[in-house]
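Starting from the known structure of chain W, fit chain S onto it as the hints suggest.
Number of protein chains: 2
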Amino acid sequence: MAGTDNRGANDIDPHAPSIVLVGPQLGENIGASARAMLNCGLGDLRLVAPRDGWPSPQAEASASGARAVLDATRCFDDMAAAVADQQHVYVTTARPRDMDKRVVDPHVAAAEIRAAAQRGERSCVVFGRERTGLFNDEVVLAGTVITMPLNPGFASLNLAQAVLLIAYAWRTSGAEALDERTIPSGRALATNAEVVGLFEHLEGALDLTGFFKTDALRPVMVRNLRNLFQRAALSDQEVRSLHGVVTALSGLRKHQVPTPAPVDDEAS
Amino acid sequence: MAGTDNRGANDIDPHAPSIVLVGPQLGENIGASARAMLNCGLGDLRLVAPRDGWPSPQAEASASGARAVLDATRCFDDMAAAVADQQHVYVTTARPRDMDKRVVDPHVAAAEIRAAAQRGERSCVVFGRERTGLFNDEVVLAGTVITMPLNPGFASLNLAQAVLLIAYAWRTSGAEALDERTIPSGRALATNAEVVGLFEHLEGALDLTGFFKTDALRPVMVRNLRNLFQRAALSDQEVRSLHGVVTALSGLRKHQVPTPAPVDDEAS
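Chains as they are written, first to last, in the working numbering: chain W, 1 to 268; chain S, 1001 to 1268.
Errors might be hidden in some of the hints.
[Said to hold, decoys possible] A partial selection of chain S residues facing chain W, derived with a Cβ cut-off under 7 Å:
id : residue
1  : Asn1039
2  : Val1140
3  : Gly1153
4  : Leu1157
5  : Gln1161
6  : Leu1228
7  : Arg1231
8  : Leu1249
These are calculated hints, taken from the structure and not from any lab test.
From the three backbone atoms N, C-alpha and C, an ideal C-beta is built for every residue, glycine too.
Next up, chain W with everything else stripped away, as it sits in the complex (with noise of 0.2 Å):
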């Protein structure tokens, strides 16, 4: 009966990545990720859209008991939402990209959110539909692409295997294992929110100046601007100082004299 099993609940670390499932199309996939997740000490499900609904009783019957992931999971109408409240966004794909992004192993991917959950900063993973995958709207939302180094010629693994292979690599992480280079000292990372936020300002903006030429070029523009942004692992304060040099620069436009920035406190 629902929210009346337990099994596994002690476990599940608070300090553990989110894990959510853009377009999940089988139900049988959820339930079998909801009880990989537990299996690993996971319990933070969120899912974009799923295509047969939520809850889903295909879900239930593949989860084999992990009611307590199944019974707090979570639905979000696109992946900017299921994301928004997360410091570092990985995503997972196999399929190399033409975009400019920080690539890194299970192994890693597991030390950097086990390092970031002790600085406060949250973590999810981010897994795309099972056939068709993420859209490139959605992988530009994410900071770092987890690759798994599989056979290349047999590379596709069903969805809730690729949930188990991150899952288990956390469960088996240690921070000490990160290169502490990697590791931005005393910054407050921003939300993916907040950065969101910047790239609609920024973006704006330049729409307002004729920067994207045509609207068939301005996509492409748009996700490679915000890909070099991404890969900055800005800090609260630098969006809000962002903010600041776009109206700043913009701001002028309208009224020919100088106007200050409206936030900025970086020097302070």
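Positioned in the frame of chain W, the structure of chain S alone reads:
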């Protein structure tokens, strides 16, 4: 068609461990195990008295094209026959046994298997029945027990998930973790002079807006902005795009009409 799909076969490693499934009940689990094996470059699957016989239409359906494994799969009457040619026999079990056996985790087992293969010694990993596991008379045939460090309150893995964890542990063992942290291939990094040129363009544009507030604040604000862009490890193309952004946003100040970005070929 049986035998005509050679996907992934070129990357089967003859030194990989054999996988032995004892008394598997569901063809689906056999097929999913074959898929997980081929994902990781394992090719030798052995079945002990599969409940529904062999070959299995359910296994074919769930193998997702792992024909190279299914076509080579052999059946045996009992576990002793299946492991007779092996120097090292590992069994997987989540349950403690009243037996005095060596116990290792998948990571250690994988390293041992690689080292043994270098000495010309064969290793196999044995998995029990979905519900009842291995009998004591079967466990006793093994030299070592593999246990997985899972959530103690929810440790039961699906059979194919267990095969995947072992296969992946083997695949990722002994080699340095894939770490493409540095720079994804194909990017032409900007020179330092190009990056500094961008900084000077941006800062000069900001000087005209009053963004820097006071001469005293300017150096630290400039330094923070430069650090942010340095972290992104800009390509030469991205430097050109950002010149275009600065020009587009600030150029309108003077002309009040859209000025095309002077250089931006990222979408060409």
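Structure-based check of each hint:
1. With 7 Å as the threshold, the beta carbon of Asn1039 of chain S comes within range of chain W, its nearest partner Cβ sitting at about 5 Å, so the hint holds.
2. A distance limit of 7 Å between C-beta atoms decides the matter here; for Val1140 of chain S the minimum to chain W is near 27 Å, and the interface restraint is violated.
3. At a threshold of 7 Å, the smallest CB-CB gap from Gly1153 of chain S to chain W is about 4 Å, leaving the interface hint in force.
4. Using the Cβ-Cβ criterion of 7 Å, the hint placing Leu1157 of chain S at the interface with chain W is satisfied: the shortest such distance is roughly 6 Å.
5. Taking 7 Å as the C-beta cut-off, the interface hint given for Gln1161 of chain S holds, the closest approach to chain W being about 5 Å.
6. Satisfaction of the interface hint for Leu1228 of chain S is found here, the shortest Cβ-Cβ separation to chain W being roughly 5 Å, below the 7 Å cut-off.
7. The restraint placing Arg1231 of chain S at the interface with chain W holds, with a minimum CB-CB distance near 5 Å, inside the 7 Å limit.
8. At a threshold of 7 Å, the smallest CB-CB gap from Leu1249 of chain S to chain W is about 4 Å, leaving the interface hint in force.
When held up to the earlier numbered hints, the structure conflicts with hint 2 and nothing else.
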